[in-house]
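Protein chains: 2
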Amino acid sequence: MTRELYSLRSTRIAVAALCLWILTIASAFGQTAAPLPSWSDGPAKLAIVEFVRATTDKASPKFVPPEQRIATFDQDGTLWVEHPMYTQVMYCLDQVPALVKAKPELKGVEPFKTVLSGDHKAIAALPLPELEKILAATLSGMTVSEFNDQVTKWIAVAKHPRYKRLYTELVYQPMLEVLEYLRANGFKTYIVTGGGQDFVRTYSERVYGIPPEQVIGSAGGTKYGYDKNGRPTLTKEPKLLLNDNDAGKAEGIHLVIGRRPYLAFGNSTGDQQMLEYTQAGDGARLMLLVLHDDATREYAYGPANGLPPTKVGTFTEALMDEAKKKGWTVVSMKNDWRRIFPFDK
Amino acid sequence: MTRELYSLRSTRIAVAALCLWILTIASAFGQTAAPLPSWSDGPAKLAIVEFVRATTDKASPKFVPPEQRIATFDQDGTLWVEHPMYTQVMYCLDQVPALVKAKPELKGVEPFKTVLSGDHKAIAALPLPELEKILAATLSGMTVSEFNDQVTKWIAVAKHPRYKRLYTELVYQPMLEVLEYLRANGFKTYIVTGGGQDFVRTYSERVYGIPPEQVIGSAGGTKYGYDKNGRPTLTKEPKLLLNDNDAGKAEGIHLVIGRRPYLAFGNSTGDQQMLEYTQAGDGARLMLLVLHDDATREYAYGPANGLPPTKVGTFTEALMDEAKKKGWTVVSMKNDWRRIFPFDK
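Chains as they are written, first to last, in this note's numbering: chain A, 7 to 351; chain B, 7 to 351.
Extracted from the complex, chain A is given alone in its bound form (with noise of 0.2 Å):
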């Protein structure tokens, strides 16, 4: 070999070599440049990307060690569209003709009587303890493997009403980013829900990237048993394990993570315990509420906005004073965010 082949050739290797490299240490760190493309800049961005950088800069004094990078999010307006009524009240109240030909008794009793008859306003005037007696029945009693196959059936074609899309297509952009951004810099994002946790998980994973290991919800107890060909199973029982709501969120926090949260995201009184608890750790800590404000591309409801409360997502006029009290920020949907869903231009 002579030694302008040899020289060429060892150039070719360092620069193939450095290449390989690069592209390693890129794709294990992940992308950083321009983070969340979909919010507007102002204060909601500016707070989010300085709370990644002092919890990420070894040289900034609130330094997070990754294995304590933890970030909390609601679902229900928060990740998704919670309006006109939850997705998994959606769910429960479509069983209900299935429920009843498995146990015609209940055809002529209330509320089922009530869902039955197709009588949307009647449906939508259901109380709370109603709707209950709909969701226990509709959520307990199976299997948990009949339960992920009923609810994966349902959400791969159940429409909303405004939208007609698909609920899993009514997720929020700016939120997806978050999410990938807080995850690129080594923060486990974890899905804090007062809705069904093993209704979530059966979609989690595919729709926001958070494997079912990270969605804590509310969550009925299991028997663990048999079927007829001794194959070990796990039955959905109505006994409330978490409620998952308010001060429970704390709890189910402390009860599956054991670590005290450094970012949680929510969008109503549900979720107030959840940021005070956040908001005790030391250091760098950030606590955000999406104030649904934007009627044209969402919804805009609720007292802090001057509406009346609905029934679900309540962000209250006092709600939106302990957010200014304690230095919360609150995330403006008409102004914060550029694009909603996915699907927008």
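Please note that the accuracy of each hint is not assured.
Since the list gives no way to pick one copy over another, a pair counts as held whenever it fits inside one copy or between any two copies.
[What the hints assert, rightly or not] With a straight-line Cα cutoff of 30 Å, these simulated DSS-like cross-link-like pairs (lysine-lysine) come out:
| id | residue 1 | residue 2 |
| --- | --- | --- |
| 1 | Lys-127 | Lys-107 |
| 2 | Lys-113 | Lys-159 |
| 3 | Lys-331 | Lys-229 |
| 4 | Lys-330 | Lys-229 |
Hints listed in this document are in silico derivations from the structure and should not be mistaken for laboratory results.
With chain A fixed as given, assemble chain B onto it according to the hints.
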């Protein structure tokens, strides 16, 4: 620059870049050479190595995607010494004097009176319901952060009566190697213990490399509230949410993880349902039980060794029959482990 120098320089760059690349790749994929050095060559070691190969080799029909790789481990008697009594029970007994000081009315009341007497035989003879009174009294009533501090202090100094070493030194070296080997191959390792979740979480990361959020254990409820400065607190309640023994292990795995493990490791009847539940999944599943048959280096106990049942980790003859029938791997401490503790030569 002369051609020779240029050639030398680019060769050096090539070598440096290649080294960096190799280092990056190597650290990303973990060490794979000569796994499980403290295990004797034999069917148990072979079963583990073959399981890891089958589940991680993309060409294998039993390949498991990384996000589904879940492995669950009992703690007492599986990861560390459980004889003559569970470490957590030792902790609770040691808290009794402070408890009685705070609540003098308990001084003359059983079982606290017996514990205060210091009569080891009488303490060891306390029946389970009496022990449970001590557990309830010493594991609830304080905030989770006070409890965390108390356990952290105790475990840093309390010593095992036979080995005169910290309990956290009495972990099994072969099991630390299994945990590390599985993690290097993309498995998420969980502790699933009948012991207290909050207790084990105080040291699990340091001792086993298992973060608090991957510890499932028996768990009491907590109550959210505020201290006198208005700071949020979680107070440990005597109410049991999850009894993480027997069927409770499968139920706890569903509650916290929501996926079925591919590998489960236990040592007693309390782990039987966890192993059954693991085996009931499709594809490659590995179920293992530690048999305590080494009276010289550790302990030999239980009916599976032809010895009487003890208060800890019962490995019954029925469980041994079950293991044989179902093809579960029984790990003999005496024969399969060349070394027991990290401090052994």
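Hints versus structure:
Taking identical chains as interchangeable, the C-alpha atoms of Lys-127 and Lys-107 lie at most 30 Å apart only when both belong to the same chain, with a minimum of 24 Å there against 62 Å between chains. Taking CA atoms no more than 30 Å apart as the test, Lys-113 paired with Lys-159 passes inside one copy only; the shortest distance there is 24 Å, against 61 Å between copies. Taking the shortest alpha-carbon separations for Lys-331 and Lys-229, only the inter-copy value of 25 Å comes in at or below 30 Å, while the best intra-copy value is 45 Å. Proximity of Lys-330 and Lys-229 under a CA criterion of 30 Å is satisfied inter-copy only: 26 Å between copies versus 45 Å inside one chain copy.
Violation of the numbered hints given earlier is absent; every hint is satisfied by the structure.
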